[in-house]
Structure formats: structure tokens, C-alpha cells
Amino acid sequence: MKLAVFNGSPRGRRSNTRILLEHFLKGFSETEGNSHEVYYLNLVKEQDQFKRAFTEAECVLLAFPLYTDSMPGVVKCFIESPEPFVSRKSNPDLGFIVQSGFPEAAHSRMVERYNEKLASRLGCCYLGTIVKGGAEEIQVQPPQMTAKLFTRFYKLGRVFGRDGSFDQSLIEQLAKPERLSPIVLLLLQLLRPTGLLNFYWNRQLKKNGAYSRRFAAPYLEK
Amino acid sequence: MKICILNGNPGSSRNGLDCYLKELSAALEAEKHSVVQFALKDLTIKYCTGCFGCWVRTPGECVVKDDSAMVCRELVRSDLALYASSVIMGFPSALLKKVNDRLIPLIHPYLAIDRGEVHHRARYDHYPQLALILKRQQDTDDEDMDIISRIYERTALNMKSSLAFVRSTDTSIGEVVNEISSI
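Respectively, the protein sequence lines represent chains X and P.
Using the working numbering, the first residue of the first sequence is number 1, and each one after it goes up by one.
Using the working numbering, the first residue of the second sequence is number 1001, and each one after it goes up by one.
With the rest of the complex left out, here is chain P (with noise of 0.2 Å):
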């Protein structure tokens, strides 16, 4: 399986998660799977400014040239995008939120109903499905972490495809490689 993780860790303080993910990549490389990871801190993207250029200027694409056109030029690519970040403030990193904001190139702006509710058409005929994996702090609990699963299956559905798992770098680096085998 073609995987593409984006590692939304801001800073060095956080460093827990970059070891965890650099262990979870080892780890399903040996499973023979396809891993590319972006540390997304060490890429350039300015945020979203609304224009809609990536819709109604150049179809498809960002009027914006930076490296964002690298992670969704992947993302469509891979079987599985696993999102990965520390919690704060309740939800992912302002810096992992900022990268998502900039894939809608990847969805086209005309109206579909999907489960009786009015999404975007698709752009692609493939679409990765979407998994997170989370790093608690302190003042993470069970219901931040329910509500960032509700809305990150939302965000799922409005790219066509599904939340496969959320789970916590808690769990075991075997149990997230055989979840991810099982997909």
C-alpha cells in the first residue's frame, strides 16, 4: 500500500511524535508497504487566502507556487494519508490545519449530494482514505478527541473517501502497522 503521511509537529519541543513516526515508517516498510513522510514544518505553505484560484483560475492547482503542490501531488497518489499530530489546544496543529486547508485544489467546486447532504464533486476518480494518528498532552481527553474523529471523518467524506482509524501514539507501533495492513 502507497502511504503519505503528513507530520504536523510544529517544534522541537513536541519531538515525541517525529520518533514514533519515524518508527511507524521503519516499521511498515518492512510490511512492504510504500511510506513518504513530509515533516511539513521543514516545507514551505502559506495558508489558504480564500481566492478560489485553485477552482475557477487554474483548475486543479493553487495559484500559489510553493510546496503544497508537492504534498498534494503525493496525497492523491497514496492509498492511506495518515495525518499526524500533537494535540493543542483540542485539536491538530495550526500547522497540520494550515496543509489541509491547501488540498482542496484536489476536489472540484460544483455541488454533489452525498448521504443527503451537499458536498463537492470529485476532481480524481481515487482518493486516499484518511487515518490519524494523535499525541496526547495533559489536557487531552476522551471528548477533544471524539470531536477532532467527528470532524476529520466530515473532512474524509468531503474528499470522497473515509476516516479509516484515529489513534493515539498510546498504541503500540504493531497494532497501528497491522490496522494499517488490514485496510
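Bound-form chain X, shown alone (with noise of 0.2 Å):
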């Protein structure tokens, strides 16, 4: 299977969308004569050269991370370009996966039915979307927490390396939690005032000395 992965992630090389799709593609490369581009959608000024992919490959892979609650804009600017392939005979079948930063993948839904309406406007035959929350803090976490994240992922790219679809268990089990349960939510609300979960910010903000800084509202200002 020839695919051609888009990468919409606006941090390109240095994204958490990469790592995810690192797992996959290896995965996926695992069945004999399949073989795969990436391209970086950051990249914009090559929309040329992205269209030409997307028209070739017998399968395209669009990856992103939710920004302010559907595609980033770098996407969006690649869905504009295959405008002119609406419908058109022989486009390539599309699968989407979809990271955010919110632990709950409910937030990730209605770009997911987006997608769904976007593999139709194009004729595509669509495989899907893999949904996966809590994905800002991979490449900060250590090994042993994203383990079975990354074999899942995996997973996923070696069952679709091998059949040409996604495996539908496999999604379900990343999707999860869809929504935070009434426990969860309520350990949160007693943990808000700790800062605990305000850590991984915290650090950065003091790193770059702008902790005092951080409830700033410039724009109210003057």
C-alpha cells in the first residue's frame, strides 16, 4: 500500500503528533511492500507538491492536533487546496487521527464528524478517525507512562499496514476516558487549589521567569 501521512501539526517535526505517528508507521511498515511519505502541512508554502501527494497515494493519513476545537489553520489551508479533487474518480481512501491536549476525548467529536463529511465531499472512502486525549505532555512523560500508548498506536498502524483499515477496539481503547466520571471531576476540583495540576505549566512559566507574570490581561491594560 502506497500512503502518503499528512502531518497538520503547526510544531511540524518537533510535535507530539510525529511521536504518534512514528508508532504507527512502523507498525504499518511491517507488511511486505507497503511503503509511506510524510509531509509537514506546517510547511504551507508547499501546497504544490502536497496536492500532487495526496492525488497519488492509494491511502492518505491526515494527522493534527485539535486547536480551538477542529483543525489547526495550516490544516484547514491544506483541505482548501484539494478543492478542485472533489469527487474525482480514483481519490485515495482517508483516515484521520486526531490529539489534544484535554484528557477526555469528547472534545475531539465534531471535528470528527467533520472529517467524516470532508472523506465524503471528496469522494474518499473513509477509514476513520482515532481519537486520543491527554496527548500535550508525551514527550515529557516518562517511558514507562507512554508505553502502552505507543504500543497501541503501534498496533494500530500493523493491523492497517496489513488489511487497509483501522481496528476498531484499538480506537476505543485510546478514545478513553470520553468524559472524566463524576469521581474524576470532583478529585479535580479538590486538587485545582493545591496547583498540583497546574505543574506542568508552572515549570515552564518559572523556567522562562514569567511566573509572576502569569495572570497578565495586557490587552485590558492602558
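Bear in mind the hints are in silico, worked out from the structure with no lab data behind them.
Any given hint could be a false lead.
What the hints assert, rightly or not - One side of the interface only, derived from the structure: several residues of chain X facing chain P at Cβ under 10 Å: (1) E37; (2) P65; (3) A106.
All values derive from a computational prediction rather than experimental measurement.
In this text, a Cβ means the ideal position worked out from N, Cα and C, and glycines have one as well.
Mind assembling these two chains? They're in different frames, but the hints should get you there.
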């Protein structure tokens, strides 16, 4: 199978999306004869190359982080470029990965609906959307915390490389939690005043000497 | 009411929207609303690079200095932010989405629980309500409009606000003005 992968992260090669894709593609490559090429959509000036890759692929995987509840601007820019290919015969199969910083999958369900509609608009066979929440910190988490996640992406890639489809049970596992349970929500509320939940941000704010200005509201000043 | 209109029309071939917004602005001003309109295509605004500098380096401000600061400043001081765009491939333009992404300096990285979900906490005490004016294309259907509405409802929620309405440019100017005046 000839797969074109579009990494839609504004962070490009330094993205969490790239890490998840690497594990997926490792599994994908295990089937003999499979080949793939990765394109970085943050390089917005390369639309002609993206367009060519899209039309020549048998399968396309579009992976992006959730930005303000939908696709990042660079991804929408790419989506507008295949506008001339709408309902062209022999468009590739189209699958998606949406990862987000929020812990729950629920945040990504609306853009998942958009993805499915986009595939149908393009006349592409829709392979599905792999939704993963809580992915912002995977670059700084110790290996034991990410091992299970990376294995699941590897397995998803392996099944996809072999069968050309996404494994539904793996997708369901990755999407958990869909929403946080009332007990977890209560726990988070109780922990809020301790500042423990803000550890990830506070560490960076302090490193940058910006901690004291963390509540700045500059556009109402002066 | 203080209204900030973001015109996400990317090019001259989709002029109908510009005319509609010009008429709408005039009608709103006639009703004593104050209107600031940004034609986003005339502004210099880069794509967000996801650096989170606006949260952890220069809190509340993007580290990239361009016209997005002007939009942020105007928007957070408004009562209503009106996002306008043609529907392109079932969604507002890349130009509008690019600017939406650059509004995250207005919120705070810390998490908060809102309606049983994890969201970000507010940076400001007051945020504008959101509303959408969409120009339908030949291929736009009701499902597209519903998906866009649902997504921007969530965007509004993440801006500690709500989505006041979604209207297409098929709606008469008078009706939109009435809708805005009744907010």
C-alpha cells in the first residue's frame, strides 16, 4: 500500500503528532510492499507538493492536534487546496488522527464529524478517526507512562498496514476516557487549589521567569 | 453594544460577503452600535506555531509580533465577536481559522472544570459573545452548517462565552440587526 501521511501539527517535526505517527508507521511498515511518505503541513508554501502527494496516494492519513476545537489553520489551508479534487474518481482512502491536550475524547468528536463529511465530500472512502486525548505531555513523560499508548499506535499501524482498515477496539481503547467520571471531576476540583494540576505549566513559567506575570491581562491595560 | 467583526473572506472572488458585511456594519451603526471590522486578508498574521509562548513566556501575548495583537485587543474589549466567512470545503476559511488559532493568548493555560469537562480557565473577567455569519456555497448543506455550529459552540465555551447565533448571508440584514440588538 502506498500511504501519504500529512502531519498537520503547527509544530511540524517537533510535534506530539510526529511521535504518535512514528509508532503507527513502524507497525504499518511491517507488511511487505508498504511504503509511505510524510508531509509537514506547517510548511504552507509546499501546497503543490501536498496536492500531488494526495492524488498519487492509495491511502491518505491526515493527523493533527485539536486547535480551538477543530483543525489547525495550516490543516484547513491544506483542505482548501484539494477543492478541485472534489468527487474526482480514484481519490485515495482517507483516515484521520486527532490528538488533543484535553484528557477527554469528547472535545474531538465534533471535528471527527467534520472529518467524515470531508471524506464524503471528496468522494474518498472514510477509514475513521483515531481520537487521543491527553497527548500534550507525551514528550516529557517517562517511558513507562507512554509505553501502552505507543504500543497501541504501533498495533493500529500494523493492522492498518495489513488490512487497510483501523482496528475498532484499539480506537475505542485509545479514546478512553470519553468523559471524566463524576468522581474524577470531584477529585480535580479538590486538587485545584493545591496547584498540583498546574505543575506542567508552572515549571515552564518559572523556567522562563514569567511566573509572577502568569495572570497578566495585557489587552485591558492602558 | 461594541461589535468586532472578523471578515475571513480570503479573496476577491468571494466578494458577496464583503458587500453583505458593509451593509450590516452600516445598519448596526445606524442602531447606535459601535462596529470595528477587520478584513483579515489585509492584515499580516502568521499561522500559530504551537509554541505556547503566549502562555509560558510572555503571558497573555503572542511572542510573534504581528497584527494578531490588534485583533486580540479589540476582540476582548467587545461585547460581540462576529466571525464571518464563506463556507469552503464545509468549514469557515483557513484565513479565519488561522486568526482563531491566534486568539489563544486571551485564555489561560491552567485547567478548570466547566459543565463536567476540562477546559482552560479565563484570563479576562469578560469575553465577547460569539456569532457566525456564513456565506453558503453551492456544495454547502445543512449538515455542514450544523457541524460548524457545534464546533463554534465549543469554541465559545472555551472562551468562557456562548454562541449567540449562526446565520447565513441569505438572512436579511434587518433580521441580523434585530438579533444582535436583542442580545
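key: Hints not upheld, ascending by number   = 1
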